[in-house]
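Undergrad: Just so you know, the protein sequences line up as chains U and B, in that order. Per this note's numbering, residue 7 is the first one in the first sequence, and the count goes up by one each step. Per this note's numbering, residue 7 is the first one in the second sequence, and the count goes up by one each step.
Hints listed in this document are in silico derivations from the structure and should not be mistaken for laboratory results. Since this is a predicted model, take the numbers as computed values, not measurements. There's no promise every hint is true.
Same chains, same names: a pair is fine if it fits in one copy or spans any two.
Said to hold, decoys possible - Calculated pairs, SDA-like style, for lysine to any residue (alpha carbon to alpha carbon, straight line, at most 25 Å): (1) Lys268 with Asp162; (2) Lys10 with Phe39; (3) Lys92 with Ala356; (4) Lys134 with Ala103; (5) Lys134 with Glu40; (6) Lys363 with Arg232; (7) Lys282 with Glu45; (8) Lys179 with Val351; (9) Lys237 with Ala330; (10) Lys80 with Asp226; (11) Lys236 with Glu264; (12) Lys134 with Glu306.
This is what each chain is made of:
2 protein chains.
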Amino acid sequence: MKLKLLIPGPVELSYRVLLAMARPPMGHRTPDFEAILEECWDILREVFQTRGDVMIITGSGTSAMDAAVASAVKKGEEIVCIEGGKFGERFGEIARAHGIKAREVRVEWGSALEPEKVEEVVAESSAKAITLTHNETSTGVVHDAKAVGKIAREYDLVYILDGITSVGGDEVKADSWGVDICITGSQKCLAAPPGLAMVSVSERAWEAIDGNEERGFYLDLAAYRRALKKKTTPYTPSVSLIYGLREALRIVREEGIENRVKRHRTMALATRRAAKAMNLELFADEKSASNTVTAIKIPEGLTDDDVRGAMKRDHGILLAGGQAKLKGRIFRIGHMGNVGYGDLVEALAALERVLVKAGHSLNLGDGISEAQQIFGR
Amino acid sequence: MKLKLLIPGPVELSYRVLLAMARPPMGHRTPDFEAILEECWDILREVFQTRGDVMIITGSGTSAMDAAVASAVKKGEEIVCIEGGKFGERFGEIARAHGIKAREVRVEWGSALEPEKVEEVVAESSAKAITLTHNETSTGVVHDAKAVGKIAREYDLVYILDGITSVGGDEVKADSWGVDICITGSQKCLAAPPGLAMVSVSERAWEAIDGNEERGFYLDLAAYRRALKKKTTPYTPSVSLIYGLREALRIVREEGIENRVKRHRTMALATRRAAKAMNLELFADEKSASNTVTAIKIPEGLTDDDVRGAMKRDHGILLAGGQAKLKGRIFRIGHMGNVGYGDLVEALAALERVLVKAGHSLNLGDGISEAQQIFGR
Numbered sequence: 007m008k009l010k011l012l013i014p015g016p017v018e019l020s021y022r023v024l025l026a027m028a029r030p031p032m033g034h035r036t037p038d039f040e041a042i043l044e045e046c047w048d049i050l051r052e053v054f055q056t057r058g059d060v061m062i063i064t065g066s067g068t069s070a071m072d073a074a075v076a077s078a079v080k081k082g083e084e085i086v087c088i089e090g091g092k093f094g095e096r097f098g099e100i101a102r103a104h105g106i107k108a109r110e111v112r113v114e115w116g117s118a119l120e121p122e123k124v125e126e127v128v129a130e131s132s133a134k135a136i137t138l139t140h141n142e143t144s145t146g147v148v149h150d151a152k153a154v155g156k157i158a159r160e161y162d163l164v165y166i167l168d169g170i171t172s173v174g175g176d177e178v179k180a181d182s183w184g185v186d187i188c189i190t191g192s193q194k195c196l197a198a199p200p201g202l203a204m205v206s207v208s209e210r211a212w213e214a215i216d217g218n219e220e221r222g223f224y225l226d227l228a229a230y231r232r233a234l235k236k237k238t239t240p241y242t243p244s245v246s247l248i249y250g251l252r253e254a255l256r257i258v259r260e261e262g263i264e265n266r267v268k269r270h271r272t273m274a275l276a277t278r279r280a281a282k283a284m285n286l287e288l289f290a291d292e293k294s295a296s297n298t299v300t301a302i303k304i305p306e307g308l309t310d311d312d313v314r315g316a317m318k319r320d321h322g323i324l325l326a327g328g329q330a331k332l333k334g335r336i337f338r339i340g341h342m343g344n345v346g347y348g349d350l351v352e353a354l355a356a357l358e359r360v361l362v363k364a365g366h367s368l369n370l371g372d373g374i375s376e377a378q379q380i381f382g383r
Numbered sequence: 007m008k009l010k011l012l013i014p015g016p017v018e019l020s021y022r023v024l025l026a027m028a029r030p031p032m033g034h035r036t037p038d039f040e041a042i043l044e045e046c047w048d049i050l051r052e053v054f055q056t057r058g059d060v061m062i063i064t065g066s067g068t069s070a071m072d073a074a075v076a077s078a079v080k081k082g083e084e085i086v087c088i089e090g091g092k093f094g095e096r097f098g099e100i101a102r103a104h105g106i107k108a109r110e111v112r113v114e115w116g117s118a119l120e121p122e123k124v125e126e127v128v129a130e131s132s133a134k135a136i137t138l139t140h141n142e143t144s145t146g147v148v149h150d151a152k153a154v155g156k157i158a159r160e161y162d163l164v165y166i167l168d169g170i171t172s173v174g175g176d177e178v179k180a181d182s183w184g185v186d187i188c189i190t191g192s193q194k195c196l197a198a199p200p201g202l203a204m205v206s207v208s209e210r211a212w213e214a215i216d217g218n219e220e221r222g223f224y225l226d227l228a229a230y231r232r233a234l235k236k237k238t239t240p241y242t243p244s245v246s247l248i249y250g251l252r253e254a255l256r257i258v259r260e261e262g263i264e265n266r267v268k269r270h271r272t273m274a275l276a277t278r279r280a281a282k283a284m285n286l287e288l289f290a291d292e293k294s295a296s297n298t299v300t301a302i303k304i305p306e307g308l309t310d311d312d313v314r315g316a317m318k319r320d321h322g323i324l325l326a327g328g329q330a331k332l333k334g335r336i337f338r339i340g341h342m343g344n345v346g347y348g349d350l351v352e353a354l355a356a357l358e359r360v361l362v363k364a365g366h367s368l369n370l371g372d373g374i375s376e377a378q379q380i381f382g383r
């Protein structure tokens, strides 16, 4: 049975993207393939809102986080990592794995960062760079990436923004926010197949990269820049995935990035309203709730299997569970990429039925009616 | 126009593999996806001829070369890299990029390695590991990987074998040859889409990896082993590519690995015989000529465009050019993956016509007749 995916990636793909991948691969060092890469780079610059270089790495989103940190920061130097979830913490792990000193800004899981606390840690540090996971998928929180950009500029830090689950689904303005390295993944809001990571790099970041002599090899961003100048990639790219990415990016351009962000916001608001009407508690503070994934507490007395297991078994819908210390405590609804009204109303309707069956107190129809008010605005 | 690929990767894919990729992605942390990964791992162990762990990295073949070197060898330690072509040399570049001292065994491009020269360098070194590119795609040479295995065992070195263009197309026996880390890429002899790298790791290599504290992050093989124990991957894998890989591996198993190697050898022999009958000179020593790619000198007075340009323009066939210092001096015919009699005879027939048109002296039909003798044996 084909499960319907409402998880924070991989997301459902358009048939256009799926069929694009079924096209026989072409030689990757040919003018025809250069033209495909150029079309991707062009649309990616729009999506990232940057005039800087944008590169495509064959790898998971984590490969680009690794590339950014290890290319721009020298071993032994310091980096400030804003935490508050599994992915924010990953930056610290990456830094330490490369012998870089990570100084953490602790943020309570589910809460938004406080800029003054970030500045406090930065001011005490001798950091060369700062990292932020813009949209923290593990907790369903979106952070104020613009505020961190101001601090980065004031303290002259290379600002690395993980936009893996925000780029293409929420507002991201790499250049005007002062982001130096912006990262995204293919299988999230862009609704492309998993396996590609995209990175934009500012001139300021290139200077830091050029000044670092031990950048590794496969994930050395400087190699991608050298290749970019020759309209190619440094190593054989996944031609099949790039066919899929190009088609997905064309769809993004057809919808328009502003419309797309608006759609994501509507889906997120409808999900939150519906959840509350179903007598559920949101995990994240509503004022900083993510527009691409919603984290909901599993009601007292119910198990993960009562909710997610039943959604899968009885309705063919896959939701995401809690990660790390949130395992068994929350479930997450991904509404990123192509998720539309129909998908969401189907999932919310199923969720109502699953919750009632598990003994949770709610009036059938209350959740979807609330969502409907948002859809109908 | 769809060009026919006779390049050393990406190769032509079966329609079964192409359609597999058009399947909608599933959640990657699900029992259904675990079953797909397990099927891939099983067949890969057969293909590598190993009982050790086999892992799949989302990345180009180079990502696995990088992972092997940086995971198994500490910064400041020494590694012996057997060169003799662009890919053999890449190991040295990777080592140096990680602060590892690379001691090269120089092999003339186009010639086979001499085991006694390898041993000489090893004996003088304090190396912990040794690397070999089994099939050097840039020159069309296959090296004696078994002989290097003996040296590795004698001197207790971690033996890293790049089998990117041999595994699945030529004989590779990781365990019995004493290979500790064996690497391959998806888009070569296995005829899967580009974007995945596969690595087998022996117990001896795991010891070296465990003893190394600074292994990086995305390409740290230890993270892949921890995930393997939970039947998963450490980061979101390219679900779409793994659908394609699984189908390609099923095809490999249906053909049988011995039959597959035999087919590659027949194609290679037919190509070499045909080339000589066309009055062309092979670049590599015939006794160590590759079974998956054949390098041929561009005849005196002809240009790369006279040969490869005309093959593409007039016949829709893409051949590979020379790389690095061989640019413009050789062209290469890839006969790896699914290439069969029909594909090869078409390409050789076109090559005869292209050469005659460019003024090269040969009798039309001589090349394909020679190939036919090999096919008909």
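Undergrad: Of the hints stated earlier, which fail here?
TA: Hints 1, 3, 5, 6, 7, 8, 11, 12 are the ones this structure does not satisfy, whereas the remaining hints hold.
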